[in-house]
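**Student:** So the sequence lines, in the order shown, correspond to chains Y and D. Everything in the first sequence is counted per the working numbering, starting at 1 for the first residue and increasing by one. Everything in the second sequence is counted per the working numbering, starting at 1001 for the first residue and increasing by one.
Calculated directly from the structure, the hints in this document are not laboratory data. Just so you know, these numbers come straight off a predicted model, no measurement behind them. Ideal Cβ positions, reconstructed from N, Cα and C, are used throughout, including at glycine. Heads up, a few of these hints could be off.
Simulated pairs of lysine to aspartate or glutamate, EDC-like, Cα-Cα distance not exceeding 16 Å [what the hints assert, rightly or not]:
#	chain 1	residue 1	chain 2	residue 2
1	Y	Lys311	Y	Asp283
2	Y	Lys311	Y	Glu284
3	Y	Lys311	Y	Asp299
4	D	Lys1383	Y	Asp283
5	Y	Lys37	Y	Asp495
6	D	Lys1383	Y	Asp94
Covered stretches of chain Y, as calculated for chain D (at least 3 residues, CB under 8 Å) [as the list claims (entries may be wrong)]:
#	segment
7	91–102
8	111–121
9	125–137
10	557–570
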Amino acid sequence: MTISPPTSPGGTLAPNAEPGEIVVDVRQVHKHFQLGKRRVPALRGVSLRALRGRVTGLIGPDGAGKTTLLRLVAGLLAPDAGQVLVLGRDATQDSLGVQAVLSYMPQRFGLYEDLTVMENLELYADLQRVSHAHRRDRYQELLHMTGLGPFTRRLAGRLSGGMKQKLGLACTLVRVPELLLLDEPTVGVDPLSRRELWAIVNRLVRDAGVSVLLSTLYLDEAEHCHEVVVLDQGEVLDQDSPRAFSERMRGRSWTVEAPGARPRTLRARLARSPGVLDAVIQDERVRLVSEAGTRPEADTLLAGLGGAVLKSVEPRFEDSFIALVRTRIPKAGVSTGRPETRASTQDPTAAASPHPARSTDSPVIAVRDVERRFGEFYAVHGVSFHVDRGEVFGLLGANGAGKSTMFRMLCGLLPPSAGSLRVAGVDVRRAAADARARLGYMSQRFSLYGYLSVRQNLNFFSSAYGLAGGRRAARIAWALEQFQLAPLADSTSADLPLGYKQRLALACALMHEPEILFLDEPTSGVDPVARREFWRRIDELAERNVTVLVTTHFLEEAEYCDRLAIMASGVILALGTPAEVKRLAGSSPEHPLDMEEAFIHLIERTERVGATS
Amino acid sequence: MSLAADHRTRSTSERGSRGLRLRGLVRKEFLEIIRDPSSIAIAFLLPVVLLLIFGFGVSLDAEHVPIAVVVDQPSAETAAFTAHLERSPYFEPLLLFRMDEAERAMRARRVSAILRLRSDFARRRRIGGAPIQVIVNGVDANTGRLVMGYLDGVWIRWLEQRGRDAGEPLDVPVSVQERVWFNSELESRNFLVPGLIAIIMTLIGALLTAMVMAREWERGTMEALLATPVAVWEILLGKLIPYFLLGTGGMILSVTLAVWLFGVPLRGSLAVLFAASTLFLLAALGMGMLISIVAKNQFVAGQVAIIVTFLPAFILSGFLFDIRSMPAPLQLLTHIIPARYFVAILQTEFLAGDVPSVVWPNGFALSIMALLFLGLSRLKSGKRLE
Chain Y
1 MTISPPTSPG GTLAPNAEPG EIVVDVRQVH KHFQLGKRRV PALRGVSLRA
51 LRGRVTGLIG PDGAGKTTLL RLVAGLLAPD AGQVLVLGRD ATQDSLGVQA
101 VLSYMPQRFG LYEDLTVMEN LELYADLQRV SHAHRRDRYQ ELLHMTGLGP
151 FTRRLAGRLS GGMKQKLGLA CTLVRVPELL LLDEPTVGVD PLSRRELWAI
201 VNRLVRDAGV SVLLSTLYLD EAEHCHEVVV LDQGEVLDQD SPRAFSERMR
251 GRSWTVEAPG ARPRTLRARL ARSPGVLDAV IQDERVRLVS EAGTRPEADT
301 LLAGLGGAVL KSVEPRFEDS FIALVRTRIP KAGVSTGRPE TRASTQDPTA
351 AASPHPARST DSPVIAVRDV ERRFGEFYAV HGVSFHVDRG EVFGLLGANG
401 AGKSTMFRML CGLLPPSAGS LRVAGVDVRR AAADARARLG YMSQRFSLYG
451 YLSVRQNLNF FSSAYGLAGG RRAARIAWAL EQFQLAPLAD STSADLPLGY
501 KQRLALACAL MHEPEILFLD EPTSGVDPVA RREFWRRIDE LAERNVTVLV
551 TTHFLEEAEY CDRLAIMASG VILALGTPAE VKRLAGSSPE HPLDMEEAFI
601 HLIERTERVG ATS
Chain D
1001 MSLAADHRTR STSERGSRGL RLRGLVRKEF LEIIRDPSSI AIAFLLPVVL
1051 LLIFGFGVSL DAEHVPIAVV VDQPSAETAA FTAHLERSPY FEPLLLFRMD
1101 EAERAMRARR VSAILRLRSD FARRRRIGGA PIQVIVNGVD ANTGRLVMGY
1151 LDGVWIRWLE QRGRDAGEPL DVPVSVQERV WFNSELESRN FLVPGLIAII
1201 MTLIGALLTA MVMAREWERG TMEALLATPV AVWEILLGKL IPYFLLGTGG
1251 MILSVTLAVW LFGVPLRGSL AVLFAASTLF LLAALGMGML ISIVAKNQFV
1301 AGQVAIIVTF LPAFILSGFL FDIRSMPAPL QLLTHIIPAR YFVAILQTEF
1351 LAGDVPSVVW PNGFALSIMA LLFLGLSRLK SGKRLE
């Protein structure tokens, strides 16, 4: 067989490629699922093509149908109507034939946790009938690529999240497939591992001419693809190269720089301005996307902001994606992302109960020289920081950096081995219950009762916080209204799309109007549109003097924090405003670093120090 | 570049590697069994614990039953009778002198029966009346009945002995010659332990299999597995083989313990025992597979397996309770429970020997069930996620 030379990313493709070049051909596919009594459409007449030797990315919010589409291609689901062809074979009729030429890595790749790294590889080599003669070289190569060489005898269950994901990819690649299907391969993976995963995929495409069809929630990853398919609510909105997507936005992408203004406040203000479709914080500036055909008037937009500058910037894929999804007519009940001008209805209780800005000199959270040992191992070692009232403070770090341990100690769920922890003026070691009554906590996995409806969950959490009678009814009404959960009030929580679960979890944590909010990985696995909305809510809370402590591994989200701490191996590597942290990592006006680069620099620097000392 | 080279050599590497997938799956399963303490516990620890409990602890025989003996007027005769009672292995007599004390002891469940020797005990015995009164606690009907029977026996034997001693043979109108076949000591352990093998194999075949299948769904390994070119029969056999071997291991362990530790006789042939176990194990594995098709998380799988396989095997198989004494609808229900046929074969094999009239029909029923359950699970499982 011939291996076609790969084209550079973004290179233009002939729309009518020769028939042999089409690896995946999805034709007018419909697919629905039965959820209880509801018939939920997952795909509605989807057609798309993926070409040989190229990376095709499926991008879309939660519930767009990405996973369903990949499972159809892998022959794991049968379409209600339409046809899926993989290298000319029908994926439904000839599933085994299709599965012989493709490798599929599901979202939660099933590693056998009781098996070692090598045993997992062996199993997949057996399943893919890789001959023993080829195995040694293949394993060596895969272990080298993934950096798992030193861990072949470790149980898969004992690997870190990033390493597990790399092992999953290695297992998927024991036999070089013609088509590689990856379902959100980088979700929940730290930035370093994410880069490594992409390096592996790119090498595979370049050296072996493998075709890749993958789904992702990270919009910046779209730029790594040759071809991007934007899916939303089971329909293909568009398919094109990422460059072409960006090109359409030319003249609609802007940044606003206002010296002295807090980026968070500036962003909130700009987002509400007419003609603005999207506003995000990027490198201490606010990046805007204007509505089609309108040119933002600098005078009206920046009125009252002395010295603010509006600049036109190079558009990126993300701008185009948000514009595509935002300008769609919302489907009944479930609206994806409405522009904030309309979404931010007046909060009925906003004016009624702002937390009084008490003496600002005493911090709401004060952590001094805290350490936590587990046997010989320091999960947290000599950590000190403080958070002021109304501040959004971020804890960033890879898996195992000590963020969750720090969180548990702050909630009074885990006693520190040494040091002092004060939350809302209360020593957590002595009076954890007092502190807990004043804080809201939202855990990584959105601890909801899956079998209860949305309303029942709200009811339960408000009773758990001691709300009764009229106050409880008022808070539940508030939550349903504010979080746009009313149409889904009687749906079972487990059936909600992830973005809605996250909203509900946040609502539950806010039922008792806490003055402090702890958010542990609140946006993990949530799509970009829902994440924007989430941060808008956090902004609003902070404006009302709620103190927010948040962990995240989406580094662009660090920009939403007033201050942040980067943690690794239980210690704080850098602490300060986003700009300060980047400077600490070596960012300069000549060589500006974005948050992800800053993070990787900091981690690598400490690893080097660790290696030499 | 070896990555590219692999592409071309793949077709040749596929040839001559039949059975590679199945071997991989079976090996994986064994590695998981060895590393997962809960599998080991269900496969080996639970059989031993159950055998010990049923072998040593649970007994359906009534022995050392505490009874209150109220003697209204002590005499040489009453002393002779109570002494006789003390020697019996079935009773622990508690001598009392007032009826109300005895009643209190009965209410407090300190004694299971009251035996009252009236003041005219000696006179009544001579004229052949009823000199003793027996009050039995009927709450536990089984023990109550046994106690009544035993007391009758003790009484008759005492009368006989007294008669012989006095040279006046007792005039019993009909005398019954009792012979107990197959389990001559009437030891309940001898039929409980063989029946336990059915329970243990149900646990390994159905419960463990259903749970490990559910675990694959839960952890997402099944989705990854299904996306490989592996065939459905390979996945099913990949589960059947290891748990079949594990179940057989459990059976060998149980039979050994039964014979060596508890001294249960094994009168039938090992070959028949093994053949019947194989059939039953296949049926149990089939049930486990079927359950896992419905229940895709371990909690539900465990619950369903216990309710539809373990409990019926325990209660409706004739292991503990005689099927013929059940109400007719329940008797009908027992016919769809594979353990029923296996328990019948097991009890016969251990206590009576190879009895063709028991082995053949029950063996036939087991084969039908094995075919039914395995066939259904093959039909119902496909390489789709819904």
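**Student:** All hints, please: hold or fail.
**Tutor:** Hints, verified against the model:
Between Lys311 (chain Y) and Asp283 (chain Y), the direct Cα distance comes to roughly 14 Å. Compliance with the 16 Å bound is thereby established for this hinted pair. Our distance criterion of 16 Å between C-alpha atoms is met by Lys311 (chain Y) and Glu284 (chain Y), whose separation comes to about 14 Å. A threshold of 16 Å between alpha carbons decides the hint, and for Lys311 (chain Y) with Asp299 (chain Y) the separation of about 13 Å falls inside it, so the pair holds. Distance check on the hinted pair: Lys1383 (chain D) and Asp283 (chain Y) sit about 48 Å apart at the alpha-carbon level, beyond 16 Å; violated.
Restraint check for Lys37 (chain Y) and Asp495 (chain Y): satisfied, since their Cα atoms lie roughly 12 Å apart, inside the 16 Å limit. Between the alpha carbons of Lys1383 (chain D) and Asp94 (chain Y) the distance comes to roughly 11 Å, so the proposed pair stays at or under 16 Å and holds. Using a Cβ-Cβ cut-off of 8 Å, 5 residues of the segment 91–102 of chain Y lie near chain D, which meets the minimum of three, so the contact claim holds. Figure legend: the segment 111–121 of chain Y, annotated as covered by chain D; annotation consistent (6 residues with Cβ-Cβ distances under 8 Å, at least 3 required).
Given as covered by chain D, the segment 125–137 of chain Y passes the check, having 10 residues with a CB less than 8 Å from a CB of that chain where 3 are the minimum. As drawn, the segment 557–570 of chain Y meets chain D at 0 residues by the rule of a beta-carbon pair under 8 Å; below three, the given contact is violated.
In summary, the structure is inconsistent with hints 4 and 10 from the numbered list given earlier, while agreeing with the others.
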